[in-house]
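Asks: Here is what each chain is made of, one letter per residue.
2 protein chains.
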Amino acid sequence: MNNAGGRRKAPTIHDVAREAGVSRGTVSRVLNGGHYVSPAAQEAVNSAIRKTGYVVNRHARSLITGRSDSVGFLLTEPQERFFEDPNFNVLLRGCTQALAAHDIPLLLMLAGTEDERRRIKRFITAGHLDGVLLVTSHSADPVAEELHKAGVPVVQCGKPMRSGSKVSYVAADDRDGARDMVRHLLSRGRRRIGIVTGPPDSPGGVDRLAGYKEVLAEAGIGVDERLVISGDYSRGSGEAATESLLARAPDMDAVFVASDLMALGALTALRRAGRRVPEDVSVGGFDDSVAATEATPALTTIRQPYDRISAEMVRVLLAQLGGEDPAAVILPTELVRREST
Amino acid sequence: MNNAGGRRKAPTIHDVAREAGVSRGTVSRVLNGGHYVSPAAQEAVNSAIRKTGYVVNRHARSLITGRSDSVGFLLTEPQERFFEDPNFNVLLRGCTQALAAHDIPLLLMLAGTEDERRRIKRFITAGHLDGVLLVTSHSADPVAEELHKAGVPVVQCGKPMRSGSKVSYVAADDRDGARDMVRHLLSRGRRRIGIVTGPPDSPGGVDRLAGYKEVLAEAGIGVDERLVISGDYSRGSGEAATESLLARAPDMDAVFVASDLMALGALTALRRAGRRVPEDVSVGGFDDSVAATEATPALTTIRQPYDRISAEMVRVLLAQLGGEDPAAVILPTELVRREST
DNA sequence: CATTTGGTTGGGAACGTGCACACACGGTTC
DNA sequence: GAACCGTGTGTGCACGTTCCCAACCAAATG
Numbered sequence: 001m002n003n004a005g006g007r008r009k010a011p012t013i014h015d016v017a018r019e020a021g022v023s024r025g026t027v028s029r030v031l032n033g034g035h036y037v038s039p040a041a042q043e044a045v046n047s048a049i050r051k052t053g054y055v056v057n058r059h060a061r062s063l064i065t066g067r068s069d070s071v072g073f074l075l076t077e078p079q080e081r082f083f084e085d086p087n088f089n090v091l092l093r094g095c096t097q098a099l100a101a102h103d104i105p106l107l108l109m110l111a112g113t114e115d116e117r118r119r120i121k122r123f124i125t126a127g128h129l130d131g132v133l134l135v136t137s138h139s140a141d142p143v144a145e146e147l148h149k150a151g152v153p154v155v156q157c158g159k160p161m162r163s164g165s166k167v168s169y170v171a172a173d174d175r176d177g178a179r180d181m182v183r184h185l186l187s188r189g190r191r192r193i194g195i196v197t198g199p200p201d202s203p204g205g206v207d208r209l210a211g212y213k214e215v216l217a218e219a220g221i222g223v224d225e226r227l228v229i230s231g232d233y234s235r236g237s238g239e240a241a242t243e244s245l246l247a248r249a250p251d252m253d254a255v256f257v258a259s260d261l262m263a264l265g266a267l268t269a270l271r272r273a274g275r276r277v278p279e280d281v282s283v284g285g286f287d288d289s290v291a292a293t294e295a296t297p298a299l300t301t302i303r304q305p306y307d308r309i310s311a312e313m314v315r316v317l318l319a320q321l322g323g324e325d326p327a328a329v330i331l332p333t334e335l336v337r338r339e340s341t
Numbered sequence: 001m002n003n004a005g006g007r008r009k010a011p012t013i014h015d016v017a018r019e020a021g022v023s024r025g026t027v028s029r030v031l032n033g034g035h036y037v038s039p040a041a042q043e044a045v046n047s048a049i050r051k052t053g054y055v056v057n058r059h060a061r062s063l064i065t066g067r068s069d070s071v072g073f074l075l076t077e078p079q080e081r082f083f084e085d086p087n088f089n090v091l092l093r094g095c096t097q098a099l100a101a102h103d104i105p106l107l108l109m110l111a112g113t114e115d116e117r118r119r120i121k122r123f124i125t126a127g128h129l130d131g132v133l134l135v136t137s138h139s140a141d142p143v144a145e146e147l148h149k150a151g152v153p154v155v156q157c158g159k160p161m162r163s164g165s166k167v168s169y170v171a172a173d174d175r176d177g178a179r180d181m182v183r184h185l186l187s188r189g190r191r192r193i194g195i196v197t198g199p200p201d202s203p204g205g206v207d208r209l210a211g212y213k214e215v216l217a218e219a220g221i222g223v224d225e226r227l228v229i230s231g232d233y234s235r236g237s238g239e240a241a242t243e244s245l246l247a248r249a250p251d252m253d254a255v256f257v258a259s260d261l262m263a264l265g266a267l268t269a270l271r272r273a274g275r276r277v278p279e280d281v282s283v284g285g286f287d288d289s290v291a292a293t294e295a296t297p298a299l300t301t302i303r304q305p306y307d308r309i310s311a312e313m314v315r316v317l318l319a320q321l322g323g324e325d326p327a328a329v330i331l332p333t334e335l336v337r338r339e340s341t
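Protein chains in written order, with our numbering: chain H, 1 to 341; chain U, 1 to 341.
The hints are simulated quantities; they were obtained by calculation from the structure and are not laboratory data.
Among these hints, one or two may not hold up.
As the list makes no split between identical chains, a pair holds if one copy fits it or if it spans any two.
Pairs of lysine-lysine, DSS-like flavour, derived with a Cα cap of 25 Å [what the hints assert, rightly or not]:
{"hint": "1", "residue 1": "Lys121", "residue 2": "Lys149"}
{"hint": "2", "residue 1": "Lys9", "residue 2": "Lys149"}
{"hint": "3", "residue 1": "Lys51", "residue 2": "Lys9"}
{"hint": "4", "residue 1": "Lys149", "residue 2": "Lys166"}
{"hint": "5", "residue 1": "Lys51", "residue 2": "Lys149"}
Sequences and hints are given; from them, build the entire structure.
Replies: Printed below as a string of structure tokens:
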């Protein structure tokens with residue numbers, strides 16, 4: 001406590017070594033696993049660390065190991081979606097927490113513009129990130145493939161479109177979730193079931209549509225193409241798409257909307273058209289974001305286990321840093337019944 | 001470890017020097033400002049940098065300078081609010097972008113639990129963060145003061161409660177915003193104006209209440225304490241508070257709610273009570289978050305310039321890193337008229 | 001008793017950078 | 001001719017850590 005405002009300089013591994021009466025090498029060994037260290041030395045070093053308040057200098061460590069012990073959270077979304085979609089928050093928070101448990105800081109990087117991407121690529125190739133957690137909705141995004149090719153461990157949230165890709169990913173079971181929802185709507189006596197699916201170039205769009213068609217076929221109901229339309233996951237597109245559906249098939253008695261945010265738009269469109277939910281038209285969403293509980297009526301939806309998704313993303317990434325091969329993880333979804341069906 | 005893609009090791013300042021036919025020192029000088037370097041050498045170095053694709057190694061630099069050239073974004077909110085409140089997103093994104101322009105990475109750190117705080121404090125005192133951007137709603141938070149005392153540059157979002165504090169902050173003009181809103185409600189012919197303010201230990205609560213009282217006094221209308229209640233900024237608390245107001249003062253013809261999120265709750269409570277908005281009761285919010293535009297009816301609200309707030313937070317922090325004194329910045333608000341008044 | 005073995009320890013070298021310092025240069029001034 | 005300039009350039013060292021290697025020791029083996 002010598003200088004008032006100024007930060008006094010931190011104790012180094014050298015100070016700890018002197019305090020414990022051992023060499024720097026021994027302290028380093030205690031720090032990194034404690035192999036080949038006698039119990040006595042171990043204890044001496046640990047108490048010296050406590051006494052001096054020593055914290056390892058990550059920069060010096062990184063310099064020699066070549067690792068940075070930090071991870072990037074890369075968001076390739078256009079800004080509007082980042083504002084709008086509460087799911088990103090849940091994901092971001094989950095990843096931050098899971099990494100914190102391993103003492104790994106998370107660097108947030110926005111990669112919306114080409115300029116931002118260039119800067120990030122420079123940063124990564126300079127070795128300042130051990131790995132990257134990638135979040136994007138239009139998962140045909142080439143960035144994952146590029147980074148992977150460059151030898152950077154990547155884990156993507158959501159299934160990549162290109163099936164040949166060897167990039168790790170963690171995703172919910174879109175197809176199965178869609179099946180559950182459509183079966184549920186059938187069980188409520190609905191037969192003219194519409195769908196607002198995601199973009200045709202996103203697996204969320206393709207797989208949810210596939211599940212929908214599968215169950216209808218199973219039930220002996222053919223797919224009426226007038227009941228099928230796609231949106232871009234934004235609220236506004238859900239509203240417009242539902243309007244189109246109503247115009248094309250006025251007898252529609254249910255609609256499965258491939259995201260909660262779009263489902264909010266669907267509710268607006270239905271209200272404006274004078275249809276009551278769920279009496280006239282049932283509405284099913286997808287995600288179980290906060291939007292679902294806050295909607296009136298509260299949305300029946302398919303819960304994506306975002307907390308588990310983020311935890312798995314971190315787990316897979318760390319495994320990959322440890323030398324394991326890329327992996328794909330698909331997590332089960334769950335139907336959450338509320339008021340809209 | 002040369003894996004499949006094979007990351008070849010990055011070129012160093014030494015490679016650049018050899019390529020340019022100069023010494024490491026000269027390259028370093030070009031990198032850091034370019035003083036005392038001849039135009040010829042400057043040009044040779046720059047083209048060598050381009051040719052080799054050299055990127056400065058931040059770890060080596062940090063090791064010797066003692067700076068880390070990175071900034072922490074500290075969130076001391078309990079998790080629910082982080083999920084719920086879209087304003088955090090805007091702030092986080094704005095700060096990330098503003099920092100990226102200076103090539104400074106942002107490290108996201110959650111400081112909800114005591115354990116997380118300890119870990120963060122260790123991280124900071126180890127010198128791995130040059131400064132901290134702090135976001136918290138209950139701004140009596142001691143963390144800002146603690147970090148400041150420890151000599152860490154801090155910029156807080158929102159006015160600190162303790163008036164003696166020397167911590168930098170950037171905030172919107174709460175009091176003036178509240179004045180604008182109440183004047184607006186008066187101009188719409190309302191006279192029994194209620195208020196759901198923020199927690200009494202937050203400046204958002206105190207100052208907005210002060211502005212409310214001020215304008216009522218100005219207009220010759222006394223403050224009816226039955227029309228005054230406080231919430232905690234959550235949607236649920238807005239709903240409950242509005243219910244209480246209606247019970248205590250059934251003749252209320254307007255309510256100024258100190259956050260958009262709480263205003264959504266107020267709309268719910270009013271709808272349930274059979275009051276039409278804005279015919280029977282006008283509702284004014286605060287923030288102008290996405291929630292305001294998406295509500296039905298769309299909320300009249302006080303716009304907090306979050307984009308400018310984040311930009312100013314970064315500006316003030318960088319200035320402080322450059323040796324300037326802590327500063328307080330108060331930004332003007334703006335009334336945004338929509339359907340709810 | 002000499003030698004090997006295996007756990008344990010210390011010391012030197014390196015990682016890539018910035019900074020202090022020394023030095024070169026041609027032109028003044030004393 | 002020596003001592004000073006100011007600008008431009010190269011060199012050695014330090015930053016705090018990990019890694020490698022040699023040295024040590026006690027116990028086990030020949």
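Asks: Decide, hint by hint, whether the structure agrees.
Replies: Hint check:
Only within a single protomer do Lys121 and Lys149 lie at most 25 Å apart by alpha-carbon distance; the minimum there is 12 Å, versus 37 Å between protomers. Proximity of Lys9 to Lys149 under the C-alpha cut-off of 25 Å is restricted to the inter-copy arrangement: shortest distance 15 Å between copies versus 41 Å within a copy. In this assembly of identical chains, the alpha carbons of Lys51 and Lys9 lie at most 25 Å apart only when taken from the same copy (15 Å versus 39 Å across copies). For the identical chains of this complex, Lys149 and Lys166 are intra-copy neighbours only, at 10 Å inside a copy versus 50 Å across copies, given an alpha-carbon limit of 25 Å.
In this assembly of identical chains, the alpha carbons of Lys51 and Lys149 lie at most 25 Å apart only when taken from different copies (22 Å versus 46 Å within one copy).
Checked against the numbered hints given earlier, the structure satisfies every one of them.
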